[in-house]
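Protein chains in written order, with numbering that gives the first Met the number 0: chain Z, 0 to 331; chain Y, 0 to 331; chain W, 0 to 331.
Just so you know, these hints were derived from the structure itself, not from any lab.
Note: identical chains are not told apart, hence a pair may lie in one copy or across any two.
Below, a list of computed lysine-lysine pairs in the DSS-like style, where the Cα atoms sit at most 30 Å apart:
hint	residue 1	residue 2
1	K146	K61
2	K330	K61
3	K41	K180
4	K255	K188
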Amino acid sequence: MIATDVATGQLKGASRALPADYVNNGFFGQDILSVRQFDRAKLQYIYRVADEMRSLVNRFGKANLLEGKILANLFYEPSTRTSSSFQAAMYRLGGRCISINEVHYSSVTKGESLPDTVRTLESYCDLTVLRHPQKGAAEIAARYARKPLINAGDGTGEHPTQALLDIYTIEDDLHRLDGLKVAMMGDLKYGRTVHSLTRLLGLYNTQFYFVAPESLHLPEEILAEVRASGQPFAELQSVDEIIGDIDVLYMTRVQKERFENPEEYERLGRLFVVDPALMARAKSDMILMHPLPRVYEIAMEVDDDPRAAYFRQMENGMYIRMALLAAVLGKA
Amino acid sequence: MIATDVATGQLKGASRALPADYVNNGFFGQDILSVRQFDRAKLQYIYRVADEMRSLVNRFGKANLLEGKILANLFYEPSTRTSSSFQAAMYRLGGRCISINEVHYSSVTKGESLPDTVRTLESYCDLTVLRHPQKGAAEIAARYARKPLINAGDGTGEHPTQALLDIYTIEDDLHRLDGLKVAMMGDLKYGRTVHSLTRLLGLYNTQFYFVAPESLHLPEEILAEVRASGQPFAELQSVDEIIGDIDVLYMTRVQKERFENPEEYERLGRLFVVDPALMARAKSDMILMHPLPRVYEIAMEVDDDPRAAYFRQMENGMYIRMALLAAVLGKA
Amino acid sequence: MIATDVATGQLKGASRALPADYVNNGFFGQDILSVRQFDRAKLQYIYRVADEMRSLVNRFGKANLLEGKILANLFYEPSTRTSSSFQAAMYRLGGRCISINEVHYSSVTKGESLPDTVRTLESYCDLTVLRHPQKGAAEIAARYARKPLINAGDGTGEHPTQALLDIYTIEDDLHRLDGLKVAMMGDLKYGRTVHSLTRLLGLYNTQFYFVAPESLHLPEEILAEVRASGQPFAELQSVDEIIGDIDVLYMTRVQKERFENPEEYERLGRLFVVDPALMARAKSDMILMHPLPRVYEIAMEVDDDPRAAYFRQMENGMYIRMALLAAVLGKA
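Full structure from sequences and hints, please.
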């Protein structure tokens, strides 16, 4: 029987770990399960390796650091974007992928089969990327895994590589992370990416603005962390009064399904939309972010605005994943 | 909002184009959307590059022209044959593929999501192959794409690489394209491959025979093009009187779904079948073609006849796609 | 029309065969359809090539014997485990894979389409791995194929690579195959892997114990082969009296669907379970095997027992498949 109440963020047993002052900052052989594993030094290391990956891709299209390595890309729920990004990262490092997108998730066998599936794939591969609809699944799988495992999203849990690509995009575009005014807007209650990015930004001096309909506020648990970190924050119902002042506007979609009342959705949803008029009032050196896919919440007319960073986020996701893959396999 | 009424065959904006006398005949950085992009010189160039690809594959199994490149193989509807052919082409060129076969096509989000999906995949990849059930989809996607895009079939629209492999097979088997007598037989109304091949053969001096049940005639639009090109043609309801005279018999399947009346299908369908008796009356140096899959319309007993070219078509498809992939990435 | 009653185990026509004393033991250009193709000499050859593959993977992660080769991995029914294993084998040999997992199996078109699908894929690839729900499908496909074809399971027919990895694991763990006491336990009636392994062990001096509920006995056909081979065997309804004496315990799952009466399943199923208490009574140098996936029939507490060989079986499957792929392509 497998216990399911695991302390999150705990690293894999010491048997595989090297000293913390190891050249690659202790990533070798580790799992990537949660943003809680990262401090400023580790983040800095990953940003710089990602820079190097971008440079190699731009110059040569690839870097052969992981030639002969195989990634098991194990997706218990579809995510074209994340799956493709990990594949591209592995390919650009010279490695191969076995992509499993058709796992038929069965709640009956979940406890038993996930560890067996991961251990089987490990027999063939050098590391595993796991996407799973159940919170805590990555933690459970990692406990049984002998090789590194990267969490590519576990339900309402974590999606650390998304948060890393978000914060790397801010650092890359704005050349700093301390002292930024960051507004998160849209569905802050269910938006996993917002929660993880908030945690990472909590390592820097950030002025937060949380802009959401009343029913989709940031959960108290995350707010408590912001308070504990000592960062200033404000909760707003409109971006209107701060739009000219912020460095980052991070959008997420307000999903219709979240509202019991369709009229409520119609009324509120349209307040959380970015269009050229809004962008005209924003600073010239701010950036507009979105984890994608977007539906209507950012007008396509905004796409050509150089401040629109969402497709850069996508590209940066590949470099961040290249950095992590290389780091946990000891090749960064 | 995206306009959908686009002039077909229009090439991507000049920003990416090189001079037309560029060594690779102007393919570098271009999209492949329609057979209308091709004139005799461009076709000739592609035939000769395909020859070279065949030679490299036969001698070495591969050519490393696209090492480090990644193809996004984006299929909004399943097509094992076309998808596999593009993958094989990319692999034999030393490149990698990210194959996305599970796009859940939603008419609600079609306008918005296709450009975003393509732009996201471009963040990871070097070019895109797109299969989509909607006519004009490739044109729309290409307008948003920053990197080359190849149309692998857009509904009732175009499937240019199929037409290219067809005409290349004729040229390769018969060593000429001018002065041929070509019969197209079966469902000429809905058969996209017939339409595109007819257009390409219109660039050469071709005597066309269109052999179809009355309800499945070639559309007037295509007939008008044949007339405009000045090529002679005849419409027939049986191949009987010309079988001994033609150089190419291009078959397509008459699909049961096309008939309201099942008895009509039973009666007509069996008239459009090729068997050894029919082949016995054909010229010894003609070829029998089919885009595959076939069901009953070519008897399996014909497969060993050296004039049966349909499996050669398949193989040639890989060489043609290798030629196009290398050409648009500037490596041919 | 394709005849379906084919003598099993028949090798592909002599046109492709080299002399039997060819350096790679006659595998070059051959299909792998059935365990009946293997004698002790051929098995010995495959074990030693698999050893070499393991050594190459452990030292370098890969061996570039099949660089430039492409495998068509054609699965008419899902089997993540087998498909992933063949992919990993091909990747570790430097080759590429085209994986087709979405073939929509239609009984209507089965006779016609399987040969065409295989011949189409052969146009792009260098060999084919076929998984098909219909017994005899691999034999039919191989008759039409011009390039080597490996049977990855054809319904209630054969799954030769599974049997080969099983016997290789016994040889690798116990360093011998003659004189072993082997118990097969669980569903011996429908368990394809048990039938094939029994056939292979019949080439050695084996004492068999068949332990099954009365309704799931080994089929008379297989028993007749054991009798004919002259090997001693016993049929039992419990492993209890022999557990301390056997060298190999090969488990398979008793599936609920096999019983008309759920209570019968509840009563019998639990008698065919391995737990630490049972393992405590087994020899210290025996091994416990299972083809996986397991559900409840081996308790997870047993996994850390060094005698638990099932994850080693998985890994060995990759080496065996590497050996076969290299052998049939003449590179072993």
